[in-house]
Amino acid sequence: MKEIKIKTRDLTLYYGPKMALNSISIEIPEKEVTAFIGPSGCGKSTFLRTLNRMNDLIPNVRITGEVLVDSLNIYDKQIDVVNLRKKVGMVFQKSNPFAKSIFENVAYGPRINGINNKTKLEEIVETSLKKAFIWEEVKDRLNDSAMALSGGQQQRMCIARTLAVEPEIILMDEPASALDPISTAKIEELIFELKKNYTIVIVTHNMQQAARVSDLTAFFYLGELIEFGKTKKIFTTPDKKHTEEYITGRFG
Amino acid sequence: MDKPVEKGKFVFTRESLKKKFRWSEFLSEKIITGVAFLSITIIVLIFVFVFKEALPIFNYKKKEAVKVEQVQKQEQYGGEADQGQTNSSGQEQYGVTTNDTMMIENQARAEDTIVHGSEQATFKSLAGKKWLPVSDNPRYGLVPLFVGTLKITLIAMLFAAPIAILAALFSASFAPYWMREIIKPAIELLAGFPSVVIGFFALMVMASFFQNIFGYDGRLNAFVGGVAMALAAIPIIFTITEDALTAVPRTYTEASLALGATRWQTALFVTLPAATPGIFAAILLGIGRVFGETMIALMATGNAALISVNPFESVRTLAATIGAEMAEVVFGDTHYNVLFLIGSLLFVFNFSLNALAEFYVKGKLVKRFQGKQS
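Chains as they are written, first to last, in the numbering used here: chain A, 1 to 252; chain B, 1001 to 1374.
Hints are computed from structural coordinates only; laboratory data are not their basis.
Some clues are possibly wrong.
The calculated lysine-lysine pairs, modelled on DSS-like cross-linking and capped at a C-alpha distance of 27 angstroms, are [to be verified]:
#	chain 1	residue 1	chain 2	residue 2
1	B	Lys1364	A	Lys94
2	A	Lys94	A	Lys131
3	B	Lys1362	A	Lys100
4	A	Lys230	A	Lys241
5	A	Lys87	A	Lys120
6	A	Lys77	A	Lys131
7	B	Lys1030	A	Lys94
8	B	Lys1364	A	Lys100
9	B	Lys1019	B	Lys1030
Quick look at which bits of chain A chain B covers, simulated, 3 or more residues with Cβ under 8 angstroms [as the list claims (entries may be wrong)]:
#	segment
10	52 to 63
11	89 to 95
12	206 to 218
All C-beta atoms in this analysis are idealised placements derived from N, C-alpha and C, irrespective of residue type, glycine included.
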């Protein structure tokens, strides 16, 4: 087993009076792909968003328990959320490029971190786009609006944008759910490539996708972590009956 | 129809499927349509009236021809000092004329009442630098009025735009939820603040206050008026800017924050640029408000038609000119026509501003958020 990158201990989250996550404890290893599966509304996206504190933006959220990233509790008062998010990047369900050029989109992260040198920025943009397998498609039109890209290209550009900040962990919230099969395949290939250098946590509705890309799978149901283990094991011989029923499609 | 059907029960027969004429439905639809068209018609008619009243100024050429024959008569009129009475009797005649004949009569009477110089001279003096409509040799130079209006608009926007936009940015991006719920309606309520109250406040309080600070001579001037107008424009700019900022998709903000941007960086580099078209529209509408504002201008600007760049000198705005002079003008006089011309100009200007705001913003926003080239 590789080193543990993210660890949660009794993580409980309330939206107002409603409990959305119930005492989740999980250990996510470094440089592997961990998939969260489960029916809609089971808390997997919410849980993903606690890992880089995106839930801070939502009013009336209350969190107890601990989330440790590299053994540091990220809900500690001393933690700087801004720097945390540089370390724990996020790719969203709906591709969300800024209404700027492709170059400016990818350069946005480095720029706000104070890099203004043009050559340096160009270098970062190029490597990031290459890492996201989209360089060849856009290298001749970096100054075009990112909005003009196709959905799949936009999503890969968003991944490039995330990579440009050099995170260690990438959280992906259903990154391919709005894409066609070909674009989805490209994203999956990309995830496979990225896990050499990054710890990836992916939420997906698509169980085949989880089976294809992930090393570990966690099954969530009604705000609880039902089962967590090697993907192969979860998909072939799960311990819990619930998991089996979901994976075989008997409910959910 | 003939077969009694149990109440509330729909029997599916050939008879029940037959097209029925529903009186209540028909009437309510027609009434609503009628009311809608009535309101539009009324507005259009107002514009038509205003434009029509301004028209005689442009008709000088036609009148020149007629006038040659009437020169004698005109000169006689010119000799008469009591011009007002002549006209007021004309005015009474007007009261009974119908709309249709008004135009013709108006022209005819305008020819009668030319007192000072030719109509052409009037037309030329529109571009002049003197606004002296009631002197013995009246000059209707609109330049000082334009300068005054633009000056006051500029001053007002210099104050209103930054304050309103920053306030909107605070409300949209930084204020906690509960505070936003208070700030937004509170400022929106200010939009309904009677401008006469703002004018009064400017006249009594602000004028003295600024005089103590800057030590200028004239208590009422463009600066005081501009700041007072800014008070009237801020709620408008704030509201529209705030709406534009909150309309920026949340995914934008999230994307930026997830990249490790601070809230300030996100607001400045993502939210604000994405909302530019809306902010642009807000400023345009703010300008429109200031441009057409009458009461504050009347009360706080001093109303002297001067041409100068000094913000501490009195100005007279287009709207205030109408407000101040329309009540005393001779009905159908050149002066009267010129005031209507000013009204038309104000309308055209505000109309263009609103149209620009509307179309530019719609086009831009659609492009921005729906993936077309921006």
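Hint check:
In summary, the hint linking B/Lys1364 to A/Lys94 is supported, as the alpha carbons are separated by about 22 angstroms, within the 27 angstroms threshold. Proximity of A/Lys94 to A/Lys131 is assessed by CA-CA distance (about 20 angstroms); at most 27 angstroms being required, the pair is judged to hold. A C-alpha spacing of about 18 angstroms is found between B/Lys1362 and A/Lys100, which places the hinted pair at or below 27 angstroms, so the restraint holds. For the proposed pair A/Lys230 and A/Lys241, the alpha carbon gap of about 16 angstroms is at most 27 angstroms, so the pair holds.
Under the criterion of a C-alpha separation no larger than 27 angstroms, the hint pairing A/Lys87 with A/Lys120 is consistent with the structure, at around 20 angstroms. At roughly 34 angstroms between alpha-carbon atoms, A/Lys77 and A/Lys131 are farther apart than 27 angstroms, so this suggested pair is violated. With a CA separation close to 46 angstroms, the supplied pair B/Lys1030 and A/Lys94 exceeds the 27 angstroms bound. A threshold of 27 angstroms between alpha carbons decides the hint, and for B/Lys1364 with A/Lys100 the separation of about 13 angstroms falls inside it, so the pair holds.
For the proposed pair B/Lys1019 and B/Lys1030, the alpha carbon gap of about 19 angstroms is at most 27 angstroms, so the pair holds. Counting residues of the segment 52 to 63 of chain A whose C-beta sits closer than 8 angstroms to any C-beta of chain B gives 4, which meets the bar of three, so the coverage hint holds. Beta-carbon proximity to chain B at under 8 angstroms applies to 4 residues in the segment 89 to 95 of chain A; the threshold of 3 is reached and the given coverage holds. With 0 residues having a beta carbon nearer than 8 angstroms to a beta carbon of chain B, the segment 206 to 218 of chain A misses the requirement of three or more and the stated coverage is violated.
Violation of the numbered hints given earlier is confined to hints 6, 7, 12; the remaining hints are satisfied by the structure.
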